[in-house]
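Engineer: Mapping the sequence shown onto my numbering, position 187 (from 1) lands on 187, and the numbers just tick up by one.
No lab work stands behind these hints, which were simulated from the structure alone. Cβ coordinates follow ideal geometry from the N, Cα and C atoms, glycine included. Be careful, since some hints might not be right.
Unchecked claim - Straight line, CA to CA, 20 Å or less: simulated DMTMM-like cross-link-like pairs of lysine to aspartate or glutamate: (1) K259 - D288; (2) K259 - D283; (3) K259 - E225; (4) K229 - E188; (5) K293 - D283; (6) K259 - D237; (7) K131 - E115; (8) K131 - E80; (9) K131 - E188; (10) K259 - D208; (11) K293 - D254; (12) K293 - D278; (13) K259 - E281; (14) K259 - D287; (15) K259 - D278; (16) K131 - E96; (17) K229 - D283; (18) K229 - D254; (19) K229 - D190; (20) K229 - D268; (21) K259 - E295; (22) K259 - E210; (23) K259 - E233; (24) K259 - D221; (25) K293 - E253; (26) K131 - D104; (27) K293 - E281.
As the list claims (entries may be wrong) - Derived Cβ-Cβ restraints for the label pairs, each shown as a range: (28) S108 - A140: 39 to 47 Å; (29) A271 - S200: 33 to 41 Å; (30) L61 - Q207: 51 to 59 Å.
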Amino acid sequence: MADRVMYQQSVSSRRFEPEYRKPVRLDSGTQGDWRGGTGHQQSGGFLKRLLFVMLFVGSALIVAELLFQTQVAPRVAITEVIIEGDVRMSSDDLLEYAGLASGDLYFSVDTARIEQALRAIPRVETVEVTKSFPGTLRIALSSRTPLAITMGGLGRQAVPVVVDSHGVAFAWGVPEDYRSLPVLGGFEIDNVELGSRLPSAMRGVLQDLEQLRLRHPVLFDVISEVEFKPIHEHRFDLQLYFTHVPVPVLIGEDLQPDKISGIIRILDVLAAQGMIRDIREIDFRGDDVIYTKREG
Numbered sequence: 001m002a003d004r005v006m007y008q009q010s011v012s013s014r015r016f017e018p019e020y021r022k023p024v025r026l027d028s029g030t031q032g033d034w035r036g037g038t039g040h041q042q043s044g045g046f047l048k049r050l051l052f053v054m055l056f057v058g059s060a061l062i063v064a065e066l067l068f069q070t071q072v073a074p075r076v077a078i079t080e081v082i083i084e085g086d087v088r089m090s091s092d093d094l095l096e097y098a099g100l101a102s103g104d105l106y107f108s109v110d111t112a113r114i115e116q117a118l119r120a121i122p123r124v125e126t127v128e129v130t131k132s133f134p135g136t137l138r139i140a141l142s143s144r145t146p147l148a149i150t151m152g153g154l155g156r157q158a159v160p161v162v163v164d165s166h167g168v169a170f171a172w173g174v175p176e177d178y179r180s181l182p183v184l185g186g187f188e189i190d191n192v193e194l195g196s197r198l199p200s201a202m203r204g205v206l207q208d209l210e211q212l213r214l215r216h217p218v219l220f221d222v223i224s225e226v227e228f229k230p231i232h233e234h235r236f237d238l239q240l241y242f243t244h245v246p247v248p249v250l251i252g253e254d255l256q257p258d259k260i261s262g263i264i265r266i267l268d269v270l271a272a273q274g275m276i277r278d279i280r281e282i283d284f285r286g287d288d289v290i291y292t293k294r295e296g
C-alpha cells in the first residue's frame with residue numbers, strides 16, 4: 001500500500017506554493033532587467049563619449065586649418081625653381097612663359113596651369129611641373145626633334161621652317177646640329193606660324209621618315225628631298241632626291257626601308273655603268289621600273 005502524507009489544515013490557512021513557483025522580483029537598479037537596462041546605459045555612454053571625441057577632433061582640425069591658412073601658408077614661398085631638359089631657352093624666358101615671379105606662394109602655384117602655358121611654346125614637346133615642400137618647384141621639359149625642313153611664307157618671303165615627326169612647325173631656319181635634314185617640297189605654307197601643323201595627309205610620310213631616322217639612319221641621311229606630287233585632294237605620290245645620285249625617283253605614298261634600299265642598289269648599278277647621266281627620271285611605282293631618258 002502506498003504511503004500518503006497528509007498536511008494538517010491547522011498549520012496554515014494559506015495555500016502552499018512550492019519555492020520554484022514563487023514570483024521573483026528583480027531590482028533594475030542592481031540586477032539589470034530582461035530589456036538590457038545596464039547594457040543600454042553603457043552603450044549610450046559610449047556613444048556620448050565617441051561624439052564628444054569626434055566634435056573635439058573636428059574642432060581641432062578646423063582651428064588648425066585656420067591657423068595654417070592665416071599664419072603658415074602666406075609665409076611659405078617658392079624659393080627654388082629647378083629647370084631640366086634640352087629646350088634651348090633662357091631660364092628667364094621660360095619663367096616668363098610660365099607666369100612665375102619671385103615671391104610666389106607655394107600653395108598658390110598651380111602646376112597644371114604652368115604646364116599648359118609651357119606647352120604653348122612651339123619648340124616644347126613635353127613638360128612636367130612638380131612641387132616639393134617647403135619651397136621647390138621642378139620643371140622638366142623636352143624639346144621637339146627636327147625631322148625635316150619645308151618652305152613657309154613669312155610676309156613676302158619664303159623662309160625655311162623646321163618640322164618634327166608630328167608635322168609641327170616649331171623653328172625658323174636650318175638648325176646647326178641638323179644640317180642634313182631632308183627638304184619637303186611640292187608645296188608651300190602661306191603665312192606660316194610657329195606651332196601650326198602640316199596637313200594631315202602628309203603626316204604619314206613624316207612618321208615614315210621618323211622610323212627611317214630612328215631605325216635606318218643611313219637611309220635617312222641619303223634622302224635629300226621628298227617632293228609631294230598631288231594625285232587629287234587627299235592623295236599624292238612621292239618623288240625622292242638622293243644626295244649621291246642626281247636623278248629624281250618616283251615612288252608610291254610611303255617610304256618603306258626595303259623599297260628604298262632596293263632603289264639605292266639599282267641607282268648605284270646605273271651609276272657604275274655610266275647610265276645615270278642619260279636618265280631624267282626613274283619610276284618605281286609599278287612592278288616594272290620605267291626610265292625616262294633626257295632629250296637630246
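Engineer: Each hint: holds or not?
Structural biologist: Here is what the structure says about each hint:
1. K259 - D288: 13 Å, holds
2. K259 - D283: 13 Å, holds
3. K259 - E225: 16 Å, holds
4. K229 - E188: Given pair K229, E188 holds - Cα atoms ~13 Å apart, limit 20 Å.
5. K293 - D283: 12 Å, holds
6. K259 - D237: 14 Å, holds
7. K131 - E115: 12 Å, holds
8. K131 - E80: 10 Å, holds
9. K131 - E188: With Cα atoms ~44 Å apart, K131 and E188 exceed 20 Å; violated.
10. K259 - D208: 12 Å, holds
11. K293 - D254: Answer violated: K293 to D254 is near 25 Å, above 20 Å.
12. K293 - D278: Given that 20 Å is the threshold and the Cα spacing comes to 6 Å, the pair holds.
13. K259 - E281: Holds, at roughly 17 Å.
14. K259 - D287: 12 Å, holds
15. K259 - D278: 23 Å, violated
16. K131 - E96: 18 Å, holds
17. K229 - D283: Holds, at about 13 Å.
18. K229 - D254: 12 Å, holds
19. K229 - D190: 18 Å, holds
20. K229 - D268: Status violated; Cα separation ~25 Å.
21. K259 - E295: Not OK: K259 and E295 at ~28 Å, beyond 20 Å, violated.
22. K259 - E210: Holds, because 16 Å separates the two Cα atoms, which is no more than 20 Å.
23. K259 - E233: Judged against 20 Å, a Cα distance of about 25 Å means the pair is violated.
24. K259 - D221: Roughly 16 Å separates the two Cα atoms, so the pair holds.
25. K293 - E253: 24 Å, violated
26. K131 - D104: 13 Å, holds
27. K293 - E281: 7 Å, holds
28. S108 - A140: 39 to 47 Å: 21 Å, violated
29. A271 - S200: 33 to 41 Å: 37 Å, holds
30. L61 - Q207: 51 to 59 Å: 54 Å, holds
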